[in-house]
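*Asks:* Listed below, chain by chain, are the residues.
Protein chains: 2
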Amino acid sequence: MAASGTLDIFLRSTFGVEPGSHVGRELRDLSNEIALKKGKTAPLDHSINLTVYLASGATKLVAHAKGGREQIVAFHFGGDIISVPADAMHASSLVALKDSLLIVFPSREFYDRGASEPAILRPLLDRAQTALHRCRDKAVGLGRKNARERVASFLLSMAERMESVEEEALVLDLPMSRRDIADSLGLTIETVSRQFGELRDAGLVLTGGRSRVRLCDPAALADMAGHF
Amino acid sequence: MAASGTLDIFLRSTFGVEPGSHVGRELRDLSNEIALKKGKTAPLDHSINLTVYLASGATKLVAHAKGGREQIVAFHFGGDIISVPADAMHASSLVALKDSLLIVFPSREFYDRGASEPAILRPLLDRAQTALHRCRDKAVGLGRKNARERVASFLLSMAERMESVEEEALVLDLPMSRRDIADSLGLTIETVSRQFGELRDAGLVLTGGRSRVRLCDPAALADMAGHF
DNA sequence: CGCTTAATTGAGAGCCTTCAATCATCGTGG
DNA sequence: CCACGATGATTGAAGGCTCTCAATTAAGCG
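Chains C and V supply the protein sequences, listed in that same order.
Mind the numbering: the first sequence is residues 1 to 228 in my numbering, read in order.
Mind the numbering: the second sequence is residues 1001 to 1228 in my numbering, read in order.
Don't read these hints as lab results, they were simulated from the structure.
All C-beta atoms, glycine included, are put in the ideal place defined by N, C-alpha and C.
Hints may be right or wrong, so weigh each one.
[To be verified] Quick list of the computed label-pair ranges, beta carbon to beta carbon:
#1 V/Lys-1040 to C/Gly-5: 53 to 59 Å
#2 V/Lys-1040 to C/Ala-119: 57 to 63 Å
#3 C/Ser-116 to V/Arg-1025: 21 to 27 Å
#4 C/Ile-189 to V/Asp-1045: 41 to 47 Å
#5 C/Thr-41 to V/Asp-1029: 46 to 52 Å
#6 V/Glu-1190 to C/Ser-47: 37 to 43 Å
#7 V/Gly-1016 to C/Arg-212: 52 to 58 Å
#8 C/Ser-116 to V/Thr-1130: 21 to 27 Å
#9 V/Asp-1029 to C/Thr-188: 48 to 54 Å
#10 V/Glu-1109 to C/Ala-115: 16 to 22 Å
#11 C/Asn-146 to V/Glu-1167: 43 to 49 Å
Produce the complete structure using the sequences and hints provided.
*Replies:* Here it is as structure tokens:
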């Protein structure tokens, strides 16, 4: 059960619910606040579906397949709501890309408490739809696009979801490593690196350090992303 | 606006809502019933998000990428609720695999009407979660599994969702073509066909005609599906 | 400033795709 | 009921894109 003001902010900003209200107190009782250091895996109960609010930071949701293979199923940023499924065909784990603050709820109880309060369920439903649509777009990339298109697509989607470092230009400070990008795009580190290189050679992006990427020509990137 | 009893069944079985109630009548006003012949694409308004109830039959949701590439994002069977997104990065279309009966709602209005009635939103949220989890499992397959694992995985997931033709044995009557399977698994028709052949040679499945598949050894299939 | 880890770059192999031909299935019409 | 035609499925050979393995370079932290 969380005690800090993080939950209060969550309840107010996402649902418009007063922390002191009946639902507010019920949800507080369900909640579990976790501060997660960069690179650490959240210690979660994987026997049930979980709903996680990412108050701050960035995370990746990783699905594990046989043979140590990993597929990153989604990235998350501050304010996102994450659905962590109970272990089924693939086990999953939630890992911090930066120091992060999580609030964890058991989904079933969360939905049950929220059922009386439409203000709860509606935003959750909208978020779930968004997550579903993102996952489908990812599936299209994984199933039908080549490495070039996947990387271009990835950069554009990150540009949509992250703040640009500079005012005038699109400069991203990617919190994830090349391995993370590869695991998200269904590629290898080497292939991702080669694609970055070719995009750089083509003048479409500039890279600085390990995490900095400048999108010089977003239109050209969009053109090669393979979107319909 | 639909007039038949199909909507009534939907409201009662899925939400426990009486068709004659206030919400029931509101939802009826929003609804649009479509009978779709096998192979036909549903004539939908792709400028907004849609929520579709598949009363009977089977459908595929196809996402289109540049160059005529298609990725089947999900299959659906009678009783399923389908979320059809407004055209964004990828246009999508809903196609009948068998003669099907659909009830179409604009998502926003549907959710708005349902917001007053928690019995509506909760099942929708659960369905959305299920769809999300399925899509993630698909993403793992598309990103990290070889052809063999994808086909084995596909057969098992179909076995979970469809009725077996025979009592004792797992015999499926697949409504989708090899092309559909390929478009769902991110492979080509030829590769899918070769995998079926090898599975047959290995004694794991038996095929009869174009659509009949008998799963002789589900355990062995599960073992080669690459699930964690 | 040095060390550890991540990223880049190169060469060769593998899995799936592409292209092409043959075969089977199933709906249709005689 | 069977022959026929059209579409779908199977099978084969060659090529391509990404992976794997290996070495080098760069980045970032102590």
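*Asks:* Looking only at beta-carbon atoms, does the pair C/Thr-41, V/Asp-1029 fall within the given range of 46 to 52 Å?
*Replies:* Given a distance of about 49 Å, which is inside 46 to 52 Å, the answer is holds.
*Asks:* Is the distance from the Cβ of C/Ile-189 to the Cβ of V/Asp-1045 consistent with 41 to 47 Å?
*Replies:* The hint (41 to 47 Å, Cβ to Cβ) holds, given that C/Ile-189 and V/Asp-1045 are roughly 43 Å apart.
*Asks:* So the hint says 57 to 63 Å: do the beta-carbon atoms of V/Lys-1040 and C/Ala-119 match that?
*Replies:* With Cβ atoms ~40 Å apart, the hint is violated.
*Asks:* 21 to 27 Å was suggested as the range; check whether the CB atoms of C/Ser-116 and V/Arg-1025 agree with it.
*Replies:* holds, 23 Å
*Asks:* Given the range 48 to 54 Å, decide if the beta-carbon distance of V/Asp-1029 to C/Thr-188 lies inside it.
*Replies:* At roughly 53 Å between Cβ atoms, C/Thr-188 and V/Asp-1029 fall inside 48 to 54 Å, so the hint holds.
*Asks:* Given a hint of 21 to 27 Å, does the C-beta separation of C/Ser-116 and V/Thr-1130 actually sit inside it?
*Replies:* holds, 23 Å
*Asks:* Per the hint of 37 to 43 Å, is the separation of the Cβ atoms of V/Glu-1190 and C/Ser-47 within bounds?
*Replies:* Between V/Glu-1190 and C/Ser-47, where Cβ atoms are some 42 Å apart, the hint holds.
*Asks:* At the C-beta level, are C/Asn-146 and V/Glu-1167 separated by a distance inside 43 to 49 Å?
*Replies:* Given a distance of about 46 Å, which is inside 43 to 49 Å, the answer is holds.
*Asks:* For the range 52 to 58 Å, tell me whether the beta carbons of V/Gly-1016 and C/Arg-212 fit it or not.
*Replies:* holds, 54 Å
*Asks:* State, for the Cβ atoms of V/Glu-1109 and C/Ala-115, whether the hinted interval 16 to 22 Å holds or is violated.
*Replies:* Check passed, 21 Å falls within 16 to 22 Å.
*Asks:* Do the Cβ positions of V/Lys-1040 and C/Gly-5 conform to the proposed distance bound of 53 to 59 Å?
*Replies:* For C/Gly-5 against V/Lys-1040, whose Cβ atoms are near 55 Å apart, the range 53 to 59 Å holds.
Violated hint for the displayed structure: number 2, the only one.
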